[in-house]
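If you want the building blocks of each chain, they are given just below.
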Amino acid sequence: MKDILSNNPVFGDKGKIKVPIDGGKEPRWRPGRDGKGGGKGGRKGGKDPGDLVYVDMDYDEFVEWMFEDLELPFLEKTDQATTLIKTYKMRGMTDTGPEPRINWEETEIRRIERAVGMLNAHPDDYAVINDFIHEALLKAIDTLKGMSNHPVSAEDLDAARAALVALHDSKEAALPLSKETLGSLNKLLSVLNDNHQSLQLEREAVDRLQRCVNELKRNPGKVPMLMAGNDIPGKTDCPLQDDDFLYQRVEVKYEPDSKAVAFLVLDRSGSMGGDPLAIAKFYFLLNILFLRTRYKDVQVVMVAHDAQAYEILEEKSFYQIEVGGGTMFGPAYEKVLEIAQERYPVSSWNRYVFHATDGYMFDGEDEITQWWTRLISPGPDCGTFRYGGYLEIDPWGGRTWTRRDWAPGGQAILALPDEIRAHVGAARVSSMDEVMDAFKAILTREKQEA
Amino acid sequence: MKDTTYDRLIANLKLLDPRITKAGLRLGLDPYVTDYYLVTDTQMAQNLVYVAMPVHYSHWRYGKQAQQTRPGHVFEVVINSDPSFCYLGTTNDLRMQALVIAHAKWGHVDFFKNNFLYKTTGAKDVIQRFRANADFIEGLYEHPDWRREGVELYLDSCHAIEHHVGWLPTLPGEGETDETELREQLMADLRALKSRHDQANIESDKVYLAQEVAALENRLKCHPLTPTTNLLGFLADPANTQHLPKEARQILKIVEEQGRYFQPQGRTKFMNEGWATYWEREVLIQPEIGMPFGMHFDLAKDWAMFDRSPSNWWMDPYGLGEQVWRWIDHKHCFDDGTETIKFKDLIWDEQNQILSEGKKLRTKTIAKRNRDKMFEVRRNYDDNRFLEEYMSKEFMEHLNFQGLAWMRGNKDRVGLMEHINATLIKTGWGAHAVERMPDTIPALMELVEKWLQAAQNAANWQQQLGTPQFPVSPQTLQEMGQILQLVEAFDEDWHSLRQQLIRRTGYNSVPYIELVDTGRHTDGVWTLRHVFDSNFGPLLPSECRETIRHFRLLCGGPVRLITKEQREDAFGRPMGDPAPYIYLTEDGDTVKEWFV
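Protein sequence lines, in the order shown, are assigned to chains X and U. All residue numbers for the first sequence refer to my numbering, where the first residue is -7 and numbers rise by one. All residue numbers for the second sequence refer to my numbering, where the first residue is 1142 and numbers rise by one.
If you are wondering where the hints come from, they were derived from the structure by calculation, not from laboratory data. A few of these clues could be false.
Stated by the list, open to error - Calculated lysine-lysine pairs in the DSS-like style (CA-CA distance at most 27 Å, straight line):
1) U:1514 <-> U:1472
2) U:1472 <-> X:17
3) U:1514 <-> U:1155
4) X:209 <-> U:1500
5) X:17 <-> U:1155
None of the values given here were measured: they were computed from a predicted structure.
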């Protein structure tokens, strides 16, 4: 699926990511010219920026989509000790299931569809006053007659009862109703409205009668019917059937029951403005999402540094540039180690550190090498970090004549001893397009330049 | 109680629609029977994507289109089928419904029924056919051997050449690839030619006949003896592509059918939209509809929808189409007697949103217009012929005058620029006003540019400093500038401007590519030839390569495409005329290309 992804994803609203899909994959024979650089030898033509379509996805979907073909053999080996536990995810709907998982909205929609179909097929079966309603209303009227104090006189009740029976039995012959009869019906309605609960009459029956009377007023000569396309048979006329029910579907997944903490170390000296910051943010996001596919619980610790290190609690304040002077990596690693030892004991946490920087620091390469060694090695005063990722961002946007080698930070990593180097991945990027490849390279340790 | 607005809407429509029908029939229009569907805005957007068909196979490119089309306020969606379906948006008010009905049914559907190109689209059973096609493809998506990837492999390739389905209308017997008769005939001709060559006495005769013999022999070596432009149809024939599984052949046939169904719509876009825009006004002003005055007033704004940007008259299908039809009406149609219409008014109750019929029977005598010429054009023309014939110098001058009248005014009306001038003086922008309106095009252009500059500056400063905006929006001024440019271009070289404007019409961007030879009797290389048209220039190379690879997949043998390409010097500037150029792919992965 990666071939459809062209540029970089863009962060959408909270929890969503907008992934651009290359819309230009519909070639055909047509007149035109390629952009410069295309032409005869190039495979890519001029990409019309209007062709790009952004699709909103949740992080979950993005992860599934992005990482489905991502094979990371190295990490699998270290994680074989993790146990897998069953987890349940609600995904979609099915026709069968237990009662607690009924999706009432969708069920009702199915019932409505069926009801409308039945109404269209047999409109005569769905009169406003059908048998059931008719029985209920007659019963209510009789109850009213038996009651001693009520505002409706006996004559009115009788007239209303007669009208109802006439309407129900002989339909058109009963029409049009006289003014007095309508008056009686209105009086009956007002009583029913007030007392329907005590009469044990359903609200729906009263509504139906009300509607019936309204229609009789408007169209005196016509039998009041449910109007097709306008009204939908309710639960009494068209009750729920077994086929209508839809249940939430549960997907059973086996997920590792272990915890990981990701330390995000961001170099926020002045040289990291704008683009590098976006690159760093995207890189961190990819790592967190990836860890989420491997670990049940992933905590994130954000450490920003220039010449000193600061633990930041909010993401907003994390991605901000301080126009500071120097950059030192040492304090950052020290802080990371300190936090790890304090709050995330090795016995229950898998520790990961990801560092995004432009690579220029004052510490000195040897010191940084020592720090990494200390972070990775097991031992009482060391980090025992599972893996470290080092991303070097070229602050000059990739013009190759400025830089050919790794910056000092990267050199420090390259100088690590082999057993430590095996647990640290490093890559260089100069623009957003390269972040995906760099992320993969760091984790799979392929294509890493020596 | 539940007295929903749809209830009233349907009742209103039931009152309004028969009146529109009466008017339309009296005017001589003749559409298919049309069903109306009330849909919400979102449903409308979804329908639009699936090319306004109720049934269509799903494909990722339609999802892409759905993402691109924001669910906004789409006005009308109508289909070429018999009976036809017209979708009415529920959020439209009654006058808009009337407009949509007039535009869609009495414009588009009438056009679909009566234009010659649509005769071959099989409108009577198109829904069933498309449903069958969609079911087939959806079934293949589920098939364990195929799944979506397998189907998309073929579908994407078919879509790449979906426009190359032959040129409608089809002649009887066309598309039959049984050439044995033709081959025998040609071989007999060859024998005759050879004997004439042997018997010829005169040297020049001998030479000439030798050339003829060679040409005929070359032709007999080709597999389709006559080159065909219906690439999809050719590939679908089992005699030509034995390697394709029969489901793939069916997919080819489906895309071919679809291409042939939609080709008329692509080739009559300007005519069709113009026709509908013309009739949406003509039908609704007829007296027997008895439309309330308020609605006429609102409708007038809608009828002038495309006149708000007058450059539409030159370039937009709706604008240009309507202008050409009105021109034909003006020149070739005439009033022929009178007729008396009896009708009752319609009364619109705004508060209750109910339409009702008045009691008094009115009589009105109107002129009867003979529009036979328009109906003849509707029947027999497509966009190319329509514009070639009617977009004459006189017509373009008429557009120029119309545009300039809008802008500058003439003895009958005050132009927009004078209004602007007066407003500038009144609102304190007098520094930009002029005393006398200029009379020449360059002077007008200068003035418009000056105003445009002021407007853009004012817009910028307004953001930063909060200063007042220029009374005219930059868009209007740009429209004016565009009209002036068009008039200038006309004055300079009207032929070239006319060619440019005509070339923008739809089907001209589909190049003429024919299959000359499948190489069956020679080297097995399929040869396609692009008949080069200097108006459109060479093919887009990047997409051309991709399309050739798609074709290679479908045809199963190496493919070469002969076209023309522009030589460039070291700086990228064109050198000379386009020269013959070949693209060749053997395995479908790499494409080689070179100048011949």
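To see whether the hints hold, each was checked on the structure:
1. U:1514 <-> U:1472: 10 Å, holds
2. U:1472 <-> X:17: With Cα atoms ~47 Å apart, residue 1472 of chain U and residue 17 of chain X exceed 27 Å; violated.
3. U:1514 <-> U:1155: 33 Å, violated
4. X:209 <-> U:1500: With Cα atoms ~22 Å apart, residue 209 of chain X and residue 1500 of chain U stay inside 27 Å; holds.
5. X:17 <-> U:1155: 47 Å, violated
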